[in-house]
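With the hints as a guide, bring both chains together as one complex.
Those protein sequence lines, which keep their order, are chains V and X.
At the far end of the first sequence sits residue 567, using the working numbering, and the numbering has no gaps.
At the far end of the second sequence sits residue 1678, using the working numbering, and the numbering has no gaps.
Read the hints as simulated data drawn from the structure, not as lab findings.
Just so it is clear, CB atoms sit at the ideal spot from N, CA and C, and this is done for glycine as well.
Take the hints with a grain of salt, since some may be wrong.
Claimed, not checked - Computed footprint of chain X on chain V, listed as stretches where at least three residues anywhere in the stretch have a Cβ under 8 Å from a Cβ of chain X: (1) 391-402; (2) 423-432; (3) 509-519; (4) 522-532; (5) 543-555.
Single-letter residue listing:
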Amino acid sequence: MASNLIEVGVSLIFLTALAIPLGKYLVLVYGGQPTGLTRWVSPAERFFYKLSNIDATEEMPSKVYIRDFLVFNLWGIVVLFLIQVFQDKLPLNPQHFSAVPWDLALNTAVSFVTNTNWQSYGGETTMSYLTQMLGLTVQNFVSAAVGMAACAAFLRGFVRHSTEAIGNFWVDLTRGVLYVLLPLSVVFAVFLVSQGVVQTFKPYVSVQTLELQNQSIAVGPAASQIAVKQVGSNGGGFFNVNSSHPFENPTPLSNFFETMAILLIPFAFPIFLGEFLKKRKEGWAVFLAMLILFLVGLGAALFFESQGNPILKNSGIHNGLNMEGKEVRFGIVPSVYWEAATTVTSNGSVNAMHDSFSPIAGLVAMFNIAIGEVIFGGVGVGLIGMLFYAILALFIIGLMIGRTPELYGKKLGASEMVMTVVAIVFPCVTLLALTAVAVALPVGLAGLNNAGPHGFSEIFYAYASGIGNNGSAFAGLTTNTPFYNLTLVAAMLVGRFATIVPALVIAGSLAQKKISPENRATLPTASPVFVGILCVTVVVIGALTFFPAFTIGPVLEHFQMTAGKLF
Amino acid sequence: MANKNISLWQKAIVIHAVMASFKKLDPRILWRSPVMFLVAAGAVLTTAIAVLYAVQGKSSGFEFHISLWLWFTVLFANFSAAIAEGRGKAQAESLKRSRESAFANRIMKNGRMEKVSALDLRKNDEILVEDNDIIPGDGEIIEGTAFINEAAVTGESAPVIRESGGDRSGVTAGTKVLSGKVKVRITADPGKTFIDQMIAMVEGAERKKTPNEIALEILILGLTVIFLAVVVTFPFFSKYIQVHVSVVVLVSLLVCLIPTTIGGLLPAIGIAGMDRLLQMNVIALSGRAVEASGDVDVVLLDKTGTLTLGNRMATQFIPAQGVTEKELTEAALYSSLADETPEGRSIITLAKEKLGIHGTDITPPENAVFIPFSAQNRMSGVDMQQRRIRKGAEDAMAKFVKDNGGGVTAEFSKIIEDISFDGGTPLVVVDNARVLGVVQLKDVIKKGINERVGQLRKMGIQSVMITGDNQLTAASIAAEAGLDDFFAQARPEKKLELIRKYQAQGYMVAMIGDGTNDAPALAQADVAVAMNAGTQVAREAANMVDLDSNPTKLLDIVEIGKQILITRGALTTFSIANDLAKYFAIIPAAFVAQYPALQILNVMHLANARSAVLSAVIFNALIIPALIPLALRGVRYRPMSPTALLYRNLLIYGAGGIVLPFIGIKIIDVLLNLFHGA
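The following block holds chain X by itself, in its conformation from the complex (with noise of 0.2 Å):
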């Protein structure tokens, strides 16, 4: 992103939130959450009966001081969604602009090429693109190889290959090429790339509501009409005992009853979850997807890429006996010096590492010839002089050894039987008729892969390796990875098959793929995250983009979709919490003129019935804005047990909207009479 972590209090956004929240005013708007509409409903009248009262000259500055923070309340309310969404265009715009000036070569179907806007580019349309040029369209390369620079998208300078008929076609508009040349087909309208997804996405307009946050709105709303039921039959009863009740106690009541604080951020939690994926540089595809995630049972890792480097690499050096480590290490070094293959590189950085070399200053001796590999002795090495090392699979060195007069004792073949079983693959070095030891390489865990799957224990959710690797290979390294469970020697098809299986168990799986024949899988899965580099469609079948192309990043998407839950509980609890210290304020305020024996109720010891209500009333608004840096960053996840998760939130906002209130509601009450000496 060109400015990722934009501070939470921008001056462009803060002023332009401001204004928006005016703008939200607007009936219409605001009928789209029933518990603010009420609020503003009451705002209105309390406003009419202040006007009037101030035009019979009987104003007592109450009706007044109470409509102007029911209107606050609103607006703090609509500041919150406002500031949500501005934080998120913000980042939506920066992408917008770096493609509204691109132009694109459209090949035409004669061949020939013409220069047209990015905009004008259609799915299916079909374009070359060159040196520096930046790619006008999300698409997939059909044709050639370029080095892309994805800066624009993902913030990650280092540029990537892209090339056709692999996993790695994709491109995404905005990226630029560095070098290559090359054919790509427009996969997405304008309007309906990633990136115009993802502005819809933030910018909340085209927000769908997910399945979790209308169950939620439909509990607001049914607390909301019980309170009501309670406020419009408090003055029927009221009067039963002679305590006659005025419009604005009641309206007060009323505001203060009704999840304001929930009601007023709901919106605002889900826009800034979707935010804070796109921080992560993933884009979803739909807000569903990402609550899903917090759902998710079993994640489904492929062994290649993601848990493992993919390449195998040297690991260790095994002397056979009586050879020293560093006569095995410098054989083993010389013979790989002209092998350019990522296995030979590692035997010498290895190598380098054990005897201490630093920098390349290896020459190898006068008249060494190099023996490359073939597929027909399977070998390779160097010949110095007398020399002859060689290193190769076991079977073919044991043929060129007994070729020259020697043999493979039985100690040596346990060696190589154990390393095969611990899921390495054992290189054999050899001298002549002399075994010198084995070089162990191993398909390399990445690092931190160990301390990830240890979080999504924690979080309950189980990890499944899926590998075409065989039964040995794949025990070894789901065994180091700490995954609790492995399927070898797998077809693609199988991953389609275990996803089926699981979901028939109950579970909800998420899986990450980039392959086309990952799409089926990925269609299935209840969350799919697709690589950025993968295959278009790959990327259509999933609902969710990753575009670092990084496949730990399931744990942070699994995380943001858990925050944006466990706030939307934890903001309602503490909304429903925090109704308890109101009714103390405002009953025993509605009855003590007539019933001194209630004034026991007044807990709080509010100075007079008025402030007690106007400080409901305020403790009420001030409580939005204070909680908009909790809604909009989430509460803190902490992978631990679901009841120790549950045990802390509930401590924190179950009995601390009970207790603080009452703390609030009493500091204003008395900060009011300080001030007024009301």
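Extracted from the complex, chain V is given alone in its bound form (with noise of 0.2 Å):
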């Protein structure tokens, strides 16, 4: 245990230690300046613009920049939906899968283009090589660079003033691929293979076992996908059981390492805040809100699953440790701190089985979800929602020195309030309509395999996963129901829609502001008192909204528990 936490921690300081250089960088990448890239990557780069006949110098008023995201994701959606329910009749399909169902069809083509991946199918029984490369992979690719562009877009509200141009869509979203996304899922991809991931456009393998039965293995390009499916945020696996399957993971090493890729952009966002804005500190002191929340709840996490079940004690299990759902060549520390990472981040891949986690490891992930995945977050969204509870911090607490609010020097007004009141609590009363619909629905209540409290929180779960675009899912629930999947689509288009244009609104009308000087009446935004407003926060807001539905599911399973009585 001990040495699994000191892996943990130096785990996190290597992350820092990257994370630095690459939000630098990404300063370069967004700011339009040569990288140590732009020999190699320039000319495909110049290439897609002349193709698309994008004028790299034009710069978008907000409106334009909104518009122009919307028409990409819902092409984006169009085409993804198109493959799958036409694969049977496409290439690339050796298993010859038939044609996916329209509702799961949606659900994955909406899934996808969001950053969610929610997966309501297993990848290696549904879909064929082509509708996970060309389809998946690509999406996994592009999704991840439209939540860092909307980051970077956002930022230059802040950066610039007296000006309606917040950057240009189109360069954002390539310089995203081609400079960040591409080069690390590269070196990450071969990585992975030497651990031993597969790779291969070869048919499942056919073997015997030692009990003469046949066997079908599944491979595929799997490396490939699973490398960006960690470094953006994605989640979605090639296997259905995500990270736990031995192709996809198959050592400690891989393990140590792909956690580190979930974590590695989302990390370097709040640096790439400081860096962008030159407010170097400011940056920092995001970055610690972020770090201080994630450590609590990992240790939160930590403890309550290293008190093990109670029931498990009595029943003579060493420890009364809970090793089912759980990897046993991972063990608890790295499961959990896989767990923290993956829900902290709108990741979503998983390398153990989040239902089986005590009810109080299950509640931190539900928290990280459901506040809507600020800390760290989704690559580039995830700082967009932490600087949406940071105006509200600076509206309410920020009130009290008598002035303004004013966050990096531009005054927050009303239509800031407003694009953050839409941002926060739009996905709060989607989570819990959504949630009450199912629970009352007798067709949500059918796909639940456990009843009680931690049914409750299988179905709560399942809809913040969509609506947080994290993608992982509690277990234990079956989706791919068009109850579920239609209900889904609608969490996870809200969960990124309601995020993403209000921050290009705000990002619009920020830039057209002038910047007032930080001087001794401003409220300094680089001091212990600013993340601790942060932090408290967004566990004040997330347990005001949420308190209701967490005692109804996990805090009543864990006091259940305590009193020995399992669901």
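As structure tokens, then:
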């Protein structure tokens, strides 16, 4: 256990060390400046601009940026939907999978376009190689790049003044893929192959087992997809059981680095904030707030997980530690660490089954997701979400210094407040409403494996995961039904668009404002008190919104468990 | 103001406010505050249920009690706004009365007079006002000079001079001419005078919401929507685990969670802020400007009249070598006895002080001949027997001494130079060929300016002086007053330029002015305060008018602006922090019957489910009247660093907001069970 904890510490130190250069590199990428990769990448970049007739120097006001972002995502959904429903007629389908049913296809299309990667299907039993590569992997890249682009545009609202322009969507998108995601994924994919992750176009392998049974072993072009699924906070596995599958995550070393890959870009974004705004300390303040929230959650989860289950203890199992749902080759700490990492970042890949964790560890995961994936969060969008909380915090608490609230030199007014309220309230309300509908209707309850509070957690988690664009499941809930597929589509769309669109609107409004200089009267945004109020606001809003839900789910389950009742 | 400092709980105002709280139950008025509308809707619902249960004979009293307290919640909120409005109204009424009875002598086109009611006066009418007349409308003196008592508006009984042409030409309705005869051009129609605007601002009816208030309302609305969703989905969640939650409990939960405290007190905070401003004798023409004053980064100050008294005063006698201070002082005193200028009088005052003479019993020696100041010889003085005492500027006196066969030493020139360098004016005193010394004259900084500038700095506000003086004088005054920056030898246009420059850097600029040439700068400034005594043009360009014409008032305005924002923030924080305890009261109450394991969440050990819910509702209702004084008075503001201020307020309203309801709800629960044993 202790050595595992040291591993966690080492991983966090490594990550921070890597996030600093990456954050600075992002400034070059989104500032349109040359980078170390320009020599190799820029021909491709120019080729794309020429092909799509894009003037890379043209800047967009927020309305145009939003329009192009919506158009791009709408087409993404349509294309991905069509690939799935016609995959039986398309090439690269050695297993001869049939067409994907429309509701599942829609769910999957929305899921990958919104960077959620919720999977109502089992990858190796549903999707052809073509669908996985041309459809899913492509969206793994561009959906992540869209999130990063939105964040860059959002931050330009703070950097610029007296202008309407917040950047060029197509340029931000292209540069994000070519300069950030692709290079990182290539390096990581090669590493994964070295660890034994499969990468092949050959059909599944049929072997004879020791019991002389025939078993079909699923293989495929997995390494390339897994690399980007971790790097771009996607999380959609090639195989059904995701990163607990030996071909996705074969060794403790691959597990160690995959966890880091999940956190790397999200760690870099607050650094990017500091460098981009030329307010390095402010970037670290946001980073620190995120890290504190992450560690508190991780600590709580580790504590309750290591307490074991009193029922197992009573039945004579050593320590009462629960290994059901975890990979024995990873153990408790790496499983919980991954759980925390994947839930804070909206990644959603799993190396253990989240519904098998202790109720409080499950609560931590739910909390991380339900507050809107703002603790590091998904690539780009996580920082956007955290800044929404910062705006909210400054409005409630910042008023107490007797000045109109301002963030990074921009005065916050009614229009910013409207958008922030939309971005925070709309997802929360959607989550509560969808959960209520699901627990009230027989079609919602039909998919449950478990009764009582645990079943409630499964449903709540599913919608939280959809809205947070996380994509992990609590498991134990069969969601490949028209009801869940379609309600989850609604959840994922709200989670994605109610974050990015308000952010871009705010960017447009802020870019037009003057930058008020920092002086003795402004609240320092690089101070312990700012870190404090940011953390407290996230926790308080989350706690107040979900107090009843958490009580009925994990809290009730926890107290029942300590009283000796399981679900 | 006729009756300033109206006490918080004056009987008439309270009675009026109580009645108004019921009138404000009108849904059309309630709708303006969605939070309170929701509470009222909940109250209607629970009342209906209570009545239904009573008719069916299964009433337990619980529904009735909850309904009653929900109605109280709404009434308390209405009361807070009504009492804030009532206080402002009471102040405005007395002003109104003073001018309703007033008559005016209007000058007709043919030059004849007609007597009309003040209410018939229109803009650009010309009127004649004489001794003991009440000025019937806001206007500007176009002819003549008058002594005016402005006590009715400012509460200050010392009369002031108002005259045509200069920067002191404005007159206000309701003030009284003590002596003099002036022709006044009316500048505002009835109903649009400052006092009318002031009445409208404090009565609240026409009060426009400030951008900040709107943003906060959006936030409150957002939170309300979240909690509405929480409560609407709650019965579905609980039904899933086989718990039935009654409508009355749901409504109670909703009312406890939505930010009723800030929602109820929000209008009162804004109105009370304007009212406090009025008590300071400042009329704000928009609430926006008052709140903007909390954001001010730079204050632009005039030297003359604002920072200094505007007259040079004698501050020191510096004798030349071989002369005693007493000798110089006496000579200076004699030379000034016939000097009626403020400088001359200040020399006498200083000299008397130094010599220990009290009263006015100084008589010049027999056959003394006074030499008045003349433009030719540029000196004044007295001839007494052989002595020819003179005082004047250095060059004139050097010539006088030389003509009498004397001379000026190098050391003496050095003294003169030092005085100039310090921003003072040297006045040399001589007796025939003998140089006696120098009287140092200085533009004296007003008492308390240093302290006020220091307070501004503590608030993080830069004070910048702008003056027509030369660099040396300006630098010395700036240093003495502790200003952050100054601009010397500035023409009036420079003010506008300077404001634009600061604004381009992103600063919010406040400025005080009174002259017509200040008007463009006032119009450009974010917060512009005009002196009431100033010209009409200046008053129109500004967004606030100071009735006392006291430039240091800006500090109070900034404080009130900040107080309004702090009070809003504090009560919002408090309101949200309160929710935690209410959850811990109501949620276990809803579940414990079915799931005893959740008894552990009943951290307050409330007696039973019903009293838990009722206690939370009662606490939620009572906290509103408990906080009315705070809302009206405003959270105390002391100049300190924003971080220190935030820590302080977070501790009181954040941490306090979490802890207090746990205690309050527990106490109410104990009392309920004590009396009812329920």
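Structure-based check of each hint:
no.: 1; hint: 391-402; in the structure: holds (count 9)
no.: 2; hint: 423-432; in the structure: holds (count 5)
no.: 3; hint: 509-519; in the structure: holds (count 5)
no.: 4; hint: 522-532; in the structure: holds (count 5)
no.: 5; hint: 543-555; in the structure: holds (count 9)
Hint compliance for this structure: every hint is met.
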